[in-house]
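Make one complex out of these two single chains by using the hints.
Here the protein sequences come in this chain order: A and B. Using our numbering, the letters of the first sequence map in sequence onto residues 1 to 173. Using our numbering, the letters of the second sequence map in sequence onto residues 1 to 843.
Quick caveat, the hints were computed from the structure, so don't treat them as lab data. Hints may be right or wrong, so weigh each one.
As the list claims (entries may be wrong) - Listed below are several chain A residues computed to face chain B (Cβ distance under 7 Å; list not exhaustive):
(1) 39
(2) 44
(3) 50
(4) 52
(5) 100
(6) 105
(7) 107
(8) 141
(9) 143
(10) 171
(11) 172
Just so you know, even glycine gets a beta-carbon here, dropped at the ideal spot from N, CA and C.
One letter stands for each residue in the lines below.
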Amino acid sequence: MIDPGKVLATFCINGEEQACAFVSHRTLLEVLREDLQLTGTKHGCELGECGACTVQINGVPVLSCLMLAVDAIGQQIRTVEGLADGPALHPLQDAFADLGAAQCGYCTPGLLMTAEALIARDPCPSREAIKQGLAGNLCRCTGYLKIFEAVELAAARMRGENPVPKRETIYGS
Amino acid sequence: MVLDDPRLADAAAGQASAKWRHDVKKEDLRVIGTAIRKVDARSKVSGLTRFADDLSLPRMIYMKLLRSTQAHARIKRVDVSKAKAVPGVKGILTGEDLPTPFGILPVSQDEHALCPDKVRFVGDPVVAIAALTEDAAWDACRLVEVDYEPLHTIGSIKEAVEHEEPRIHDYGVRGNIHRLENLEFGDLAAGFAASDHIREDTFFFEGNTHLPMEQHASLAHFDKDGKLTIWSSTQTPHYLHKALARVLHPLPAHHIRVIACPNGGGFGGKSDPFNHEICAAKMSMLTGRPVKISLTREEVFFCHRGRHPVLMHARIGVSKTGRIKALDFHSLLDGGAYGSYGTASTFYTGALQTVTYAVENYHFRGARLFTNKAPCGPKRGHGTVQPRFALEVQLDKIACDLKLDPAQMRIDNLAPRDSLTANFLQIGSMGLMQCINKVVDGSGWKTRRGLQERTADGRIRGLGIACSSYLSGAGLPIYWNGMPHSGVQLKLDRSGLVTVFCGSTDIGQGSDSVLTWIIAEVLGIDPLGMRVVTSDTDLTPVDLGSYSSRVTVMTGNAAMQAAERAREILAKGASEQLQVPVARLTFADARVFDSENPDKGMSFADAVIAAESRFGTIGTVGSYTPPKSAAKFRGGGVGPSPSYSYSATVVEVEVDPETGIYRVPKVWMAHDIGRALNAAVAMGQIEGSVYMGLGEAMMEEMAYRDRSHKGHRIFVHKIPSLLEYKSPSTMEMPEVVTYVVEDPDKNGPFGAKEVGQGPLLPIMPAVANAIFDAVGVRVDEVPITPEKVFAALVQKRAGKVGRYGPDELPPVNFGDSLKIKTPWQGGDGTAWNEPKRDKKAAR
Numbered sequence: 001m002i003d004p005g006k007v008l009a010t011f012c013i014n015g016e017e018q019a020c021a022f023v024s025h026r027t028l029l030e031v032l033r034e035d036l037q038l039t040g041t042k043h044g045c046e047l048g049e050c051g052a053c054t055v056q057i058n059g060v061p062v063l064s065c066l067m068l069a070v071d072a073i074g075q076q077i078r079t080v081e082g083l084a085d086g087p088a089l090h091p092l093q094d095a096f097a098d099l100g101a102a103q104c105g106y107c108t109p110g111l112l113m114t115a116e117a118l119i120a121r122d123p124c125p126s127r128e129a130i131k132q133g134l135a136g137n138l139c140r141c142t143g144y145l146k147i148f149e150a151v152e153l154a155a156a157r158m159r160g161e162n163p164v165p166k167r168e169t170i171y172g173s
Numbered sequence: 001m002v003l004d005d006p007r008l009a010d011a012a013a014g015q016a017s018a019k020w021r022h023d024v025k026k027e028d029l030r031v032i033g034t035a036i037r038k039v040d041a042r043s044k045v046s047g048l049t050r051f052a053d054d055l056s057l058p059r060m061i062y063m064k065l066l067r068s069t070q071a072h073a074r075i076k077r078v079d080v081s082k083a084k085a086v087p088g089v090k091g092i093l094t095g096e097d098l099p100t101p102f103g104i105l106p107v108s109q110d111e112h113a114l115c116p117d118k119v120r121f122v123g124d125p126v127v128a129i130a131a132l133t134e135d136a137a138w139d140a141c142r143l144v145e146v147d148y149e150p151l152h153t154i155g156s157i158k159e160a161v162e163h164e165e166p167r168i169h170d171y172g173v174r175g176n177i178h179r180l181e182n183l184e185f186g187d188l189a190a191g192f193a194a195s196d197h198i199r200e201d202t203f204f205f206e207g208n209t210h211l212p213m214e215q216h217a218s219l220a221h222f223d224k225d226g227k228l229t230i231w232s233s234t235q236t237p238h239y240l241h242k243a244l245a246r247v248l249h250p251l252p253a254h255h256i257r258v259i260a261c262p263n264g265g266g267f268g269g270k271s272d273p274f275n276h277e278i279c280a281a282k283m284s285m286l287t288g289r290p291v292k293i294s295l296t297r298e299e300v301f302f303c304h305r306g307r308h309p310v311l312m313h314a315r316i317g318v319s320k321t322g323r324i325k326a327l328d329f330h331s332l333l334d335g336g337a338y339g340s341y342g343t344a345s346t347f348y349t350g351a352l353q354t355v356t357y358a359v360e361n362y363h364f365r366g367a368r369l370f371t372n373k374a375p376c377g378p379k380r381g382h383g384t385v386q387p388r389f390a391l392e393v394q395l396d397k398i399a400c401d402l403k404l405d406p407a408q409m410r411i412d413n414l415a416p417r418d419s420l421t422a423n424f425l426q427i428g429s430m431g432l433m434q435c436i437n438k439v440v441d442g443s444g445w446k447t448r449r450g451l452q453e454r455t456a457d458g459r460i461r462g463l464g465i466a467c468s469s470y471l472s473g474a475g476l477p478i479y480w481n482g483m484p485h486s487g488v489q490l491k492l493d494r495s496g497l498v499t500v501f502c503g504s505t506d507i508g509q510g511s512d513s514v515l516t517w518i519i520a521e522v523l524g525i526d527p528l529g530m531r532v533v534t535s536d537t538d539l540t541p542v543d544l545g546s547y548s549s550r551v552t553v554m555t556g557n558a559a560m561q562a563a564e565r566a567r568e569i570l571a572k573g574a575s576e577q578l579q580v581p582v583a584r585l586t587f588a589d590a591r592v593f594d595s596e597n598p599d600k601g602m603s604f605a606d607a608v609i610a611a612e613s614r615f616g617t618i619g620t621v622g623s624y625t626p627p628k629s630a631a632k633f634r635g636g637g638v639g640p641s642p643s644y645s646y647s648a649t650v651v652e653v654e655v656d657p658e659t660g661i662y663r664v665p666k667v668w669m670a671h672d673i674g675r676a677l678n679a680a681v682a683m684g685q686i687e688g689s690v691y692m693g694l695g696e697a698m699m700e701e702m703a704y705r706d707r708s709h710k711g712h713r714i715f716v717h718k719i720p721s722l723l724e725y726k727s728p729s730t731m732e733m734p735e736v737v738t739y740v741v742e743d744p745d746k747n748g749p750f751g752a753k754e755v756g757q758g759p760l761l762p763i764m765p766a767v768a769n770a771i772f773d774a775v776g777v778r779v780d781e782v783p784i785t786p787e788k789v790f791a792a793l794v795q796k797r798a799g800k801v802g803r804y805g806p807d808e809l810p811p812v813n814f815g816d817s818l819k820i821k822t823p824w825q826g827g828d829g830t831a832w833n834e835p836k837r838d839k840k841a842a843r
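So that you can see chain B by itself, here it is in the shape it has in the complex (with noise of 0.2 Å):
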């Protein structure tokens, strides 16, 4: 198909028909908000999704990676002499073998499938062994012997701010700050000066990994023909696709096929490209035979990207009614041994502060530290989780200063609908109002708050609120280029079969079945009778993967328009036969008829025929890019989305005042989705959410034993596994309210916007807000463990402030800040101190 067919003219201007507009009515629509079944619901239930571990070829070998011993630490030797020797071993890879860096954001290229002259924490890679049995490899990791030259450890935010040497990498800007942002929008002085009330604050959030179910495996097949696939659990087939690429060159990127599998739960842990899928795929083309690894339980906490552990200091000023007027955040994050998306990470710790509440004058400095850890990355909720925390709590504070309802001063703050935020980001729908309304009225907020009852067996209660935004989806894809976001197509076949293509990934969310609703309702066909072909690069158009809670906005208005594309052709062809005119067809219940007069009609089956006659094979193409930022500063490019989502929360503790051990019996959740594609499926991304958020609130901790043991520091992660790791189980999941909020987007499919990582953010602020309305202490640091609100009850029966948390950021010079005008002060976008970039800089 290409686009000036005259006879796609309309559709082929880009422009949803007025029928599948945002604002078009519920009683309309026959798929979207119903609550069917996902289209691989059966297989799930039924143990035939294939993940990748489920995967096996004829003459397949096992790999395993020897990982280092050491947190930071030169290589001298890698001796694989006795390796080799093992019975079955079929090869083994070192660092030489794989010379190429590779990274998932082009401006950190920093790791190496193995490490070839230096280890950055204990999990980092070091040789690659292929054997007949996984048994085999074993064996032979163990035989390699490595020498290793121990350099100095970094192990935390403080240390790596006060070590320039040694550097664990050797760019980034300056020691051991892989990055620094300094920007500042509109006037901070005036706005602390026209404040009536300031508060200084210091928080400390601990980092926290996605725990997927599903262990990372990859199965890798160089075949004769010189070509390369690769079955992956991988959120991002598309990004591999391109790391593959980098690394393996000369084989050309149009030999390499990678096939993400569904993803046994991903939430942003399967989002880079990794190491292991780089060496299986090497290891094929060295062996010519298929490589399986499977990471264990252990591997998954090296592998790890997940929160970054974020030291925040916050000076806020308001009004005495509590309007905010300057806001200036400082953050310092523990990215761990490398980039990831660290940079994203670094912005994001200050890019929507102002699209929940409208902050007059924002400041926001941010830094990212590289340590000897895991490498830190996106979680659900990337790099927002940790300012929205710290926010919630100050406002929290602030309310209690001024004697104010929390939740009014909250509705006060909003950020008003449809508007430029002080940083340039476009609000569109909001219906955060309707969302505190929903959480205030449903708990009792206004009756129940500041009771301080007692529970039978001598808890007090307590109620927090909390709210945040998040993106529906990047605004901009990881590497430049102008190309769409993403991409689909469909294929209409004789029998009525609508096969959609598309390189989007099913990590679990639903994305599949997102497709099948939208182009199910503009075809009128049943959903569970198509046929979805997703996430793989040699089949199916790029689509940037599931990250960002992109999938349902972009794939989604891509689907949109191949659905429309077809839809036409099929109108033409069943108005000829039927000899209805266009316009008064209707698509529905698998027909095709004349909306005056329903019996005169056609199968689907029999339109596509009449269309295929009539203009030859159908198939159609749709594509998404979202709409241009109004920020362009540098640093703007983090933060734009096509819309934002909202939510609001009231969580419910009960607290044991001499312990400090808590208990969360019910949370009140509301999430402005824009329109609910699927009830069902959306509730279970808001509960997910939920209890995401409460691991992180009470428990969850990548927390790392730090020991000497004749000298040596040993540093090593200190729970990698599910048993001392721990997350909620049914045991401690409380009980839910749950709130669709449905306020339309215009920019999303029939309105819809993100669901699923907004609802995380709010629990943890919430949780701590409720305990300090039960007990009367704060405790300004995550995860909220009952150690912590014991030390905070102590501190305040000793007559002392009663908090538990970090009381400085160590200092860091930050230079001179990016000053932008604000939209309100006549601003454009750009910062009026920036120097000029040249134009192939800029693009």
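Here chain A stands alone, though its shape is the one from the complex (with noise of 0.2 Å):
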């Protein structure tokens, strides 16, 4: 039975394509969690208010929540499941977890693709430059400090250098 309430579409998620067929009034991040099973990408209010469920559409970090899944056919969608290039994890995530930046890790993948974002914009962000782009991914856990440090440490890696979390970083003052 053809069924008229459904779309079906074929995305473009991690540079692979995925077909599949789904009520037309669906977000994105309902399809991503629902209707492919990329549970990776979490939710926290379904209203546009925390940024766990970002993702990247085309590069930009993007709220799934409020996006309509029919809006990203046809676009580059990027998930946490697509930031690791391999078995080794993304500077990022390396850099999160020497950090301890993933405490219950709930909000980490839509902070993780905020940031990547933001240093690809941005190679090498301020402080300043890394709260204003974070200041939508809301974080109970952390206090976002070490997700700050581990964003700086990240970038540095992915410039090449070779930086040292500082101690205080980790064993305090």
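Structure follows, in structure tokens:
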């Protein structure tokens, strides 16, 4: 039976094409998580308030809970599942793991996608630029400081530098 | 493994061998104290951690709860006939399907999975509907007809005190009073008589909520073997297991399996058994299909169990030098609609005042009231946060009255280490003086305080100090029993893999990793190479749950014992094979070798093979029960802990004297955690506490909208969304200078105490004290919003007292106090006027 209430579409997700039939009013978040089982993208409000559902559309961070899936057809969608290339972690993921920037890990995918776009735009972001860039992503565990430090560490590593985290970042003052 | 196994004689004595004691030197440790990644770090940064809502099963259906639109009403009629007709609906539950009440504490089994006859707050669930799609379940919910007969709404502490009728519950002390406590330690009258200066102050701490990023979710599956499995975002799988067994009776408890998924943040908000969990289980039993429920953010606000709003009055007597002679502390808690942990919360508003500073004579009165709000419960710092705010602000006022340095006055009052407090709490290690010195030196307290410097944009700078203590786990379980609080099993595989099984739940604090660090240190292996199986009631030994900062100390000690027993078995096998005495063997770098000739040894895997060949399959267990408390009076069960952490903070504020708007540019925080098991992870806990404390101090509140519409009172949560419930973003987070203070405690694994609840407590009072330092006004109420600072500034400018806060507490009759002699009066921990309890009750 052909279901007139559903859209059949092919999405380009993390560089791969994936077809899926879904109810037309579904958000990109719902289609990713529930129809495509890409549950790495999280949800904290479904109202565009928390940033947990951030994915990249053509390299730009977007709240997937506020975007209809039909609007993402034909666009380059990137989720946390597509961040690492092969078995190695992305430098941002490495830095988050090293510094404990992911505690419960729930806001982490959204933060990583936002931060990755930030570094792509500004390879050497200042602390202020990082704060501004991540202001739309809430985190309740870390107090953000380890996240700022992880973004700085990853950005430096991505610039080819070999930074060492400050002693007080890890052991306190 | 059996305990009387002769090959385990030494380890079975339950004593940690000298090597792992709290005073082991840092340089002798290889894993403990380093900054290695958490065992689950890779999956967390890859989006591969499976939270409850990430799970799905074939043929799964979706459940929604219809919630009350009334704050307080009798249910006259529930008609689900139209809902039943919605295409795709598979099952409907109402109150009569789940008649057995439940609740986290045995003394307050006052909740129903679905309200059978009465609703007690806007958001109380009435009907559960499951359907093929979430949309269909919503649609069906909207077609349910519920007739309510409204009852008078009780909206505040004052209203609850003033209105004995209608009663929200038919149990409790009387009227709408849920609990009353009245405890007197020492001789208050004598203490005040000996005081040179007496102050009385009144404070209010508004409620706030945990706001975990993960919304609660559950997936229940009643399989064809008649067994129920539920995956849920819970911090306390064991307690959920107990609640399910109670409500789903006659389903046997051993047919129920609770798997706590990693929590996307808990902070205490996922510590109760919840309606949605029980309904999902029952719905799966009804329909024979897997049932999933994912709460909306609004519903998370209804689950709540967050910080109690507390009205407080404190009368304090001090000597000329500021030494506390007597403290009379009085708290009234707004409990919301249900009991939850409220009995414990009430005691906690009085229990820890004596653990930070020595209080010679102490009187505590506390009452918890029922109101028609979302139920309050345990949030980070459980019940100790509100009185800590009051006491630390009051001490600041005392220092001001007596012209003393608030930091020095605190140092002069410190509770001594290795002592019993007035209320019989056993203090062990106590690093608060070091904490105070760190933040005083770091912040330039002695030279920068009181300067009222202007910033470039015209704001006035101020510094405020405050301290706190917190438990390393509650000394008693929530239900009386003689079993361990935490159990750990180890399985050693011929490959060299060590698998740890434990009921503890990782809520982001890193408890899975804590297990690996301790075991890896004892066995000399790589913690990241271990397998961790946690929080599954079918597979893992009971751990009471991730609450009251108990996991590091309690599961840590259990893990230590299991690891030592495994080490003993391995050492015997290796000793025979290597012909090296056991005492000379070292376990390190995944090898077992002769410490006098390191080349003579074997790999860890070969040691397992040697031991297994000799003794058979290798598995060990460890368990932990906290030391017995000296507090034997009724109510003495809340407060005891194996050890107490300490924190001191200095907060800097910049206040606009015209508007009251202020910012917090910098915080200095020192936390005595005994020993940092992992430096970076401990830092993260401390910084997170500072953040959450600032949210509470500056903006977060569970505010209610109180309106009248056509003669009806509308009483609803004002801001149940992440946008309107303000919490700090990256832009509000200040610079934090963190000092990890290590004063090892003999009850902790490697000396460790709790980390991460304690440092939240001093933030709110330090902010209030800093605002006073800047602009000379007192806000005796949390959150300290700019409006309140402004109101106090207006008062001050008008020549009145520059203060914002409550004036009095509504009168409650507490009856006679239980009178307990302090240790220094020769007391034995019992009340001298307590009626004797029979043995059964005492047990």
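Structure-based check of each hint:
{"no.": "1", "hint": "39", "verdict": "holds, 4 Å"}
{"no.": "2", "hint": "44", "verdict": "holds, 5 Å"}
{"no.": "3", "hint": "50", "verdict": "holds, 5 Å"}
{"no.": "4", "hint": "52", "verdict": "holds, 6 Å"}
{"no.": "5", "hint": "100", "verdict": "holds, 4 Å"}
{"no.": "6", "hint": "105", "verdict": "holds, 3 Å"}
{"no.": "7", "hint": "107", "verdict": "holds, 5 Å"}
{"no.": "8", "hint": "141", "verdict": "holds, 5 Å"}
{"no.": "9", "hint": "143", "verdict": "holds, 3 Å"}
{"no.": "10", "hint": "171", "verdict": "holds, 5 Å"}
{"no.": "11", "hint": "172", "verdict": "holds, 4 Å"}
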